Amino acid sequence: MVSEDKRQEILNKLKEGVVNLDEERVKKASHEALDNGLHAYDAIMNGLAAGMEKVGELYDRQEYFVPEMLIAADALYAGLDILKPHVKQEDTGVKGQVVIGTVQGDVHDIGKNLVKMMFEIGGFTVHDLGRDVPLEKFVEEQIKTDAEIVALSAMMTTTMMGMKKVVQMIKEKNPHVKIMLGGAPLTRDVAALFGADGYAESAGNALQEAIKMIAQLRKLGESRKG
Amino acid sequence: MRTYQVIFQPSGRRGEISEGKTVIEASRELGVEIESVCGEAKACGKCKIKLEKGFFERDGITSFPANLSPFQDEEGKFINETDRAAGYRLGCVARIRGDVLIFVPEESRAGKQVVRKAATERAIDLKPAISLHYVELSPPTFHDTLGDFDRLKKAVSEKYNVPLLHIDYPALVKLPEVLRRENWKATVVLWMGKEIIDIQPGNVDEAYGLALDIGTTTVAGYLCSLRSGRVIATESMMNPQVTFGEDVMSRITYAMTHEDGFERLHRSIIEGLNRLIQTTVEGCGLSPKDILELTVVGNTVMHHIFLKINPEYLGVAPFPPAIHRSVDIKARDLGLNVHPCANVYVLPIEAGFVGADNVGVLIAEEPYNQDEMALIIDIGTNGELVLGNRRIMVSSSCATGPALEGAHIKFGMRAAPGAIERIRVHPETFEVNFKVIGQMEWHADLKIVNAKGICGSGIIDAIGELYRTGVIDKSGRMKKELSTPRLRLSDGKPEFVIAWKDETSIGKDITITQQDVRNVQLAKGALYTGAKLMMKKLGVERLDKVILAGAFGSYINAEEAMVLGMFPDCDLKHVYAVGNAAGDGARIALLNRDKRAEADAIAKKVEYMELTVEGDFQKEFMEAMQFPHMKDSFPHLKGIVPDEILNQ
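In order, the protein sequence lines correspond to chains A and B. Numbered per the working numbering, the first sequence spans residues 1234 to 1459. Numbered per the working numbering, the second sequence spans residues 9 to 656.
It cannot be assumed that every hint is accurate.
[Said to hold, decoys possible] EDC-like mimics (lysine to aspartate or glutamate), calculated; alpha carbons at most 20 Å apart, straight line:
(1) K501(B) / E1290(A)
(2) K639(B) / D1307(A)
(3) K1261(A) / D1275(A)
(4) K639(B) / E1256(A)
(5) K482(B) / D1422(A)
(6) K61(B) / D1293(A)
Just so you know, the hints here were simulated from the structure itself, not pulled from any lab data. Model, not experiment: these values are computed from the prediction.
Given the sequences, and given the hints that come with them, work out the whole structure.
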């Protein structure tokens, strides 16, 4: 078993690698983690994801911008590729499922991909429908996968209007699904006006919001059982 | 004390205002100038403003009449029932009680907008669609009982060898009267050599046409003599649609979400144009009826709304327009108050977001007749790009957002008196010198400066200078560690002071914030990415020239624009502005009908590229967001930007 000091050292390397946008360093540290017998899940959550969380903070403080976010994401994915095959099923404790996509008429997906990444590292199973997704497709996919959360993205005010329809359509079929909206033209007020359950201002924010929703759902499920 | 969101249009200024302040007080805090002759004594009625009703998605506010204090009797002296119902109030009476969007009508604006859409000197071959033909007819006799129209038709075709096909109905109505007024001597006004659109008594040797450039923000009209080609008058105004949304997307959204939204947009531009026409002709002692033909350029959304075609489908990918080819339509069908038979020629559209304005630029600049590989950038709320030469042409468009025009910039404003338009930052002391619109001297030489905000050209200068002097690094981050009182934290986020409080008329420091830098990075990154992907597609390594079109392009400093990396490296000698080339294109089409055929041909020839679906869009966009670029080299910036900064 690896010593606590060694564990901290490797986790730090992973974290710093992501924060400093250093893909090579992340790769090296990922191999080092496996060689030293660290749990892959530990390395992902307390190394890579912790680094990404810091990147999110820097973004919120405006020290980092979209390019830095994307490069950090690349570094994180490089580590994830190495570590993920070694994650044991029982570690992940699947948090839930998310259907995600950019709505019809909109082909912007940088933001959506960042949110998707946050969900993946957060342990969610993500069903990514891509961009320019027909509104009905979100409903179909939710029913097919029985996902707890549907996350919609739009970059333009014109396509944002389509979100309202999706929210209605999904809520009609399944009122317990939690719907989360995000994208440049949205505000918390607009999301609420459209009948959504959550709003994500940034990628980091999206994961927190999703975890909150899942907790709510679980509570709801338990109280119904009880 | 509660505060509410107050937005002024058309200036786009906005901010939080304490409850209970009057609209005039709010306008002063936000740097908007409203006329007040009586000094807010409720006596002059000059400060009329209009409250816009409804939910405005873009701004996230709901603006209702009840969000202003109730209507007072003294307002009734200046505001009639119709205007009252439309939302008019006096700025010195109405007090803020909730979120409001307020429109300041042209006549109530104190600091007039500087409209930068002057016509450029260009040699244009004169071949208008309107031709004048003087004829003398023999009066009818018992032996010659031919009808008036047939008599005229015969005379015209004999003398001028034009086969007349048609007479427009209103011309027919007046024909018998006019022929007899000057003893069967009359001048026939012919459109495209085939249709009589007017008949005037005696020998007339002048005809007028109007070229219109309908921009998202500004509308310009060029009244031209169709006989000499001379520009008789230039008039411009704010596009009255700005109240419904600042950019094309929010206009479409307005049309989609309000029951009569699209109708209102259409009506507002037609009414606005009629006012513009009236002012233009009055200034020259003419009547609106003297305008015999119009040509129109505008982006695709402006084009559709002007023609009363629903723009809804332009708002979502793949953005197909209702029609590509040019449109000829009678002015009367659109409700335009000009000659009843006047024709309106609307230039063709290339693709979804590359509109008639871009075709206007093309027929003015004719890159398709040249060997050099030219990049034409028309920067507005939407950036339109054309790359090509004699051999091949591609176009694309990108969402630059309104940042480059001063919106969504903390102290951004449109180009109007008081706007900072030029900025220099000292590389060692980081001291700032700037120039304000409406003043000849740079501010360092002035006692009273009274800056109000920063307009688009000032923003480009500011960020170019901050990068050049190392205040912001390649990634756009402001270097907090730098020691100058101008660089400071506000709410934990960095900002750089351009003008100190005592140099402004708004009672606070004017700054460039870190967020402003980020917004410009998105905008310039989008433009660069467009250019780069087009160059890749055509296999072009270097640009031979860069042409900056549009009013904005004419006023920005080309060197600073390249320092920022708004476009790929090019010899600065070959980077130049061409003024309002879209408006020139409208004028060219007005004065030379052969150019209309050329416009249709070129609109068809240019191949449109949808950038966002290109595989490497995201990677290119990411790299292009840095100053001047994450990876591409800029050999022509050597000596302009210090080596240690350029090679970070």
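For each hint, the structure was consulted:
1. K501(B) / E1290(A): The given pair, whose Cα atoms are some 12 Å apart, holds under the 20 Å limit.
2. K639(B) / D1307(A): 17 Å, holds
3. K1261(A) / D1275(A): With a Cα-Cα distance of about 16 Å, the restraint between K1261(A) and D1275(A) holds, given a limit of 20 Å.
4. K639(B) / E1256(A): 17 Å, holds
5. K482(B) / D1422(A): 35 Å, violated
6. K61(B) / D1293(A): 34 Å, violated
When held up to the earlier numbered hints, the structure conflicts with 5 and 6 and fits the remainder.
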